[in-house]
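There are 2 protein chains.
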Amino acid sequence: MYKINDNYQKLPGSYLFSTIAKKVNAYSEANPDKKIIRLGIGDVTQPIAPAIIEAMHKAVDEMGHAETFHGYAPDLGYEFLRSAIVKNDYQARGCDITVDEIFVSDGAKSDSGNIQEIFAQNNRIAVCDPVYPVYVDSNVMAGRTGTYDPETEMWSDVIYMPCTMENNFVPEFPKETPDIIYLCLPNNPTGTTITKDQLQGWVDYANKNKAVIIYDAAYEAYISEENVAHSIYECEGAKTCAIELKSFSKNAGFTGVRLGYTVVPKELKCGEVSLNAMWARRHGTKFNGAPYIVQRAGEAVYSEAGKTQLKEQVAYYMKNAKAIKQGLRDAGYTVFGGVNAPYIWLKTPGEMTSWEFFDDLLARANVVGTPGSGFGPSGEGYFRLTAFGSYENTLAALERIKML
Amino acid sequence: MYKINDNYQKLPGSYLFSTIAKKVNAYSEANPDKKIIRLGIGDVTQPIAPAIIEAMHKAVDEMGHAETFHGYAPDLGYEFLRSAIVKNDYQARGCDITVDEIFVSDGAKSDSGNIQEIFAQNNRIAVCDPVYPVYVDSNVMAGRTGTYDPETEMWSDVIYMPCTMENNFVPEFPKETPDIIYLCLPNNPTGTTITKDQLQGWVDYANKNKAVIIYDAAYEAYISEENVAHSIYECEGAKTCAIELKSFSKNAGFTGVRLGYTVVPKELKCGEVSLNAMWARRHGTKFNGAPYIVQRAGEAVYSEAGKTQLKEQVAYYMKNAKAIKQGLRDAGYTVFGGVNAPYIWLKTPGEMTSWEFFDDLLARANVVGTPGSGFGPSGEGYFRLTAFGSYENTLAALERIKML
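First to last, the protein sequences are chains F and P.
Reading the first sequence from the start, the letters are residues 1 to 404 in the UniProt record's numbering.
Reading the second sequence from the start, the letters are residues 1 to 404 in the UniProt record's numbering.
Simulated from the structure, these hints should not be mistaken for laboratory data.
Check before you lean on any hint, since a few could be wrong.
Where chains are identical, the list cannot tell them apart; a pair therefore holds if satisfied intra-copy or between any two copies.
[Said to hold, decoys possible] Computed list of lysine to any residue pairs in SDA-like fashion (alpha-carbon distance at most 20 Å, straight line):
#1 Lys23 with Glu151
#2 Lys269 with Gln9
#3 Lys58 with Pro47
#4 Lys311 with Asp157
#5 Lys10 with Gln121
#6 Lys266 with Phe336
#7 Lys10 with Pro377
#8 Lys10 with Glu117
#9 Lys307 with Ala92
#10 Lys87 with Gly350
#11 Lys58 with Phe69
#12 Lys269 with Gly350
#13 Lys23 with Pro133
#14 Lys22 with Ala277
#15 Lys3 with Gln121
#16 Lys347 with Tyr302
#17 Lys3 with Ala331
#18 Lys402 with Asn25
#19 Lys23 with Asp75
#20 Lys210 with Ile4
#21 Lys22 with Glu299
#22 Lys35 with Asn25
#23 Lys208 with Ile4
Using the sequences provided together with the hints, build the complete structure.
This is the structure in structure tokens:
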């Protein structure tokens, strides 16, 4: 008789954004006349840039002719895309990363969910709290997190690194030594980040403790300050301790196009075993490449026209971020983020919990945000708004919030 | 100190098709003047059908305008695609499958590699031998297969169901009772299949023994005989014991477009636990949907024009299959398959092993095939050729093989 993976049964409730979608749909059906503004899920709204649209049309045409048709992609991704990534995202920043260290995928969500598979079950993971829920959830599914305490909303075997107002949202080295450290910087959801020196501290800590860092740089394109690293490989020694995850979703609006990549340096070894070889094996066995059309779209991100157009797109969202931050401040809220990230992180007013504020905002302002507690226990009492709406909707949402 | 998943170290050698690619590249570099014909990897060569190209262009245009832009897709896939699947692949065949039982993915390789995650580690799996290597390899990575014996090339905890000339390539109920049964029908690599009555026998067996069947129907479009099921849900009782995997790679040439789906019926339950809910949770946590453009391409597969064009495409490949089968027979080979599948399965001549025949064929005829032993120990002494080449190349390859 077959048995299920009962770690799944340990997961409390459903995935955060599925829950939000259900709540919004229910409200919407009950109140069909209300115009809801969504600043909840981190989904972009601006159309794909013209240079990328052009590249996709060209690739679609190629697929329609036998001489230019493309079947299965190379295991790690097309050379044209991996070269563009290496040149623009690494060599241009002085990082010595090579083409065979780049693994093209269908997005950073898949990679951040799957990367834990190449590690043993008995590793202790450490996560910033609050943070993107996939890190913990995927480790729960793998049986790596112990038991869940509904009271504290914490897992017995997860090391939480609280990031709150009290420590300026900067994680501190934990008391217990972790084996795998997830860092998402700029952070989702707090929108804050750390300096390059502080990141160097984490690299040194990982090397000293023989821990591995899973570095999620999905929001790298939104960094505006000088002393912030765009890649962990800007830090010395990172190649022996860090895996970097990158997404095209936020810098190029690819949430519905689906493309990402993971960097696993060849120097990253556990004893004699190369993690690069392990991830290559995982890719070769359980994945069949990102679509050719999408990989060509990714290449166009790095074209001169693409770069110019995407710089404007990022600036558009950051204008929203600025407007939200200022607007909320004017309305008396305590706000963070929005400088190096498209997320605004606010303290819920009074004694309201995150979900209470979510319900209130949905019912009275018809604005959807994301409850901070959905990102971890230390997110309780906070709330996330995204800058990914249209400028008009963003201003309209602010007007409604100010009226509360 | 972090530890790796050492199940990966148990995997012998690299993934079959990576090994073949390396061998062919090495030969090609050493013999740049030789024109190699590839009938090895099951990759298609015909361009994407016009109706699908048109749909993709339209979807690319939509992505370029704010009003029609699409961000994150719904967790399980777009309703328009899931409805088309239900209507054409199930309702039209009298199978009572509903939209919320369909999970759209980036392809059947991902799904067949990932589906084992929702099961406990201590399940015994049974596989046809030979078969598509991903079933066993993904279970090795999960630590479900015991130890490997290099002598027999078998895993201690895997139940092998030999499919050879002696039993007409039809798997028999194993002596030990399995928990999870992988069936790929029509079979890759043997190209053979079983009757609907025989499949009903497997469904009854699974229900009686509380086993679950992972049914890979990737080659369903190539079925030409009357009494063969196109879906396992044509059998009575399949909804309480079977998960079905489907691919668009072979029926629509999507190997480089990437689209597939999995059916997990709501009636499939382990005690009180719904496997449909588990797979939904996995999808929601570790996957972010297939690209919008690709899902629109999938929809076009079911349009009237799409259906007509793809019927021609399948016929084109089956004409190749017929030519290969007849040509090899004329040359004195013992051949199977090619009637309900695009694969020809042949007995290697004399006492040659599969890899010896591979090397010989590459060196003397410059034709690439796939060694049968790469699909499992009972594949030793057999060899797979695919009908996915162009007609011209297929005939040219046959001429060369006949000259050996």
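Hints, one by one, checked against the model:
Taking the closest pair of Cα atoms, Lys23 and Glu151 never come within 20 Å of each other, the shortest separation being 23 Å inside a single copy and 58 Å across copies. Proximity of Lys269 to Gln9 under the C-alpha cut-off of 20 Å is restricted to the inter-copy arrangement: shortest distance 13 Å between copies versus 34 Å within a copy. In this homomeric assembly, Lys58 and Pro47 come within 20 Å of each other (Cα to Cα) both inside a single copy, at 18 Å, and across copies, at 14 Å. Taking CA atoms no more than 20 Å apart as the test, Lys311 paired with Asp157 passes in neither setting, with 41 Å inside one copy and 54 Å between copies.
Taking identical chains as interchangeable, the C-alpha atoms of Lys10 and Gln121 lie at most 20 Å apart whether they share a chain (16 Å) or sit on different chains (16 Å). Within a single copy, Lys266 and Phe336 get their C-alpha atoms no closer than 37 Å, and across copies no closer than 44 Å, so neither meets the 20 Å cut-off. Only within a single protomer do Lys10 and Pro377 lie at most 20 Å apart by alpha-carbon distance; the minimum there is 17 Å, versus 39 Å between protomers. Proximity of Lys10 and Glu117 under a CA criterion of 20 Å is satisfied in both settings, with 19 Å inside one chain copy and 15 Å between copies.
Taking identical chains as interchangeable, the C-alpha atoms of Lys307 and Ala92 lie at most 20 Å apart only when both belong to the same chain, with a minimum of 14 Å there against 48 Å between chains. In this assembly of identical chains, the alpha carbons of Lys87 and Gly350 never lie at most 20 Å apart, being 49 Å within a copy and 52 Å across copies at closest. In this assembly of identical chains, Lys58 and Phe69 lie within 20 Å of each other by CA distance both inside one copy and across copies; the values are 12 Å within and 19 Å between. For the homomeric pair Lys269 and Gly350, neither the shortest alpha-carbon distance inside one copy (49 Å) nor that between copies (45 Å) is at most 20 Å.
In this assembly of identical chains, Lys23 and Pro133 lie within 20 Å of each other by CA distance solely inside one copy; the values are 18 Å within and 43 Å between copies. Only between protomers do Lys22 and Ala277 lie at most 20 Å apart by alpha-carbon distance; the minimum there is 15 Å, versus 41 Å within a single protomer. Taking the shortest Cα distances, Lys3 and Gln121 sit within 20 Å of each other both inside one copy (19 Å) and across copies (8 Å). When the C-alpha separation of Lys347 and Tyr302 is checked against a cutoff of 20 Å, the pair qualifies neither within a copy, at 38 Å, nor between copies, at 50 Å.
In this assembly of identical chains, Lys3 and Ala331 lie within 20 Å of each other by CA distance neither inside one copy nor across copies; the values are 54 Å within and 50 Å between. Taking CA atoms no more than 20 Å apart as the test, Lys402 paired with Asn25 passes in neither setting, with 24 Å inside one copy and 65 Å between copies. Within a single copy, Lys23 and Asp75 get their C-alpha atoms only as close as 40 Å, which misses the 20 Å cut-off; across copies the closest is 15 Å, which meets it. With identical chains, the CA atoms of Lys210 and Ile4 are at most 20 Å apart between copies only, with a shortest distance of 12 Å across copies and 34 Å within one.
For the homomeric pair Lys22 and Glu299, neither the shortest alpha-carbon distance inside one copy (36 Å) nor that between copies (26 Å) is at most 20 Å. Only within a single protomer do Lys35 and Asn25 lie at most 20 Å apart by alpha-carbon distance; the minimum there is 12 Å, versus 59 Å between protomers. For the identical chains of this complex, Lys208 and Ile4 are inter-copy neighbours only, at 18 Å across copies versus 39 Å inside a copy, given an alpha-carbon limit of 20 Å.
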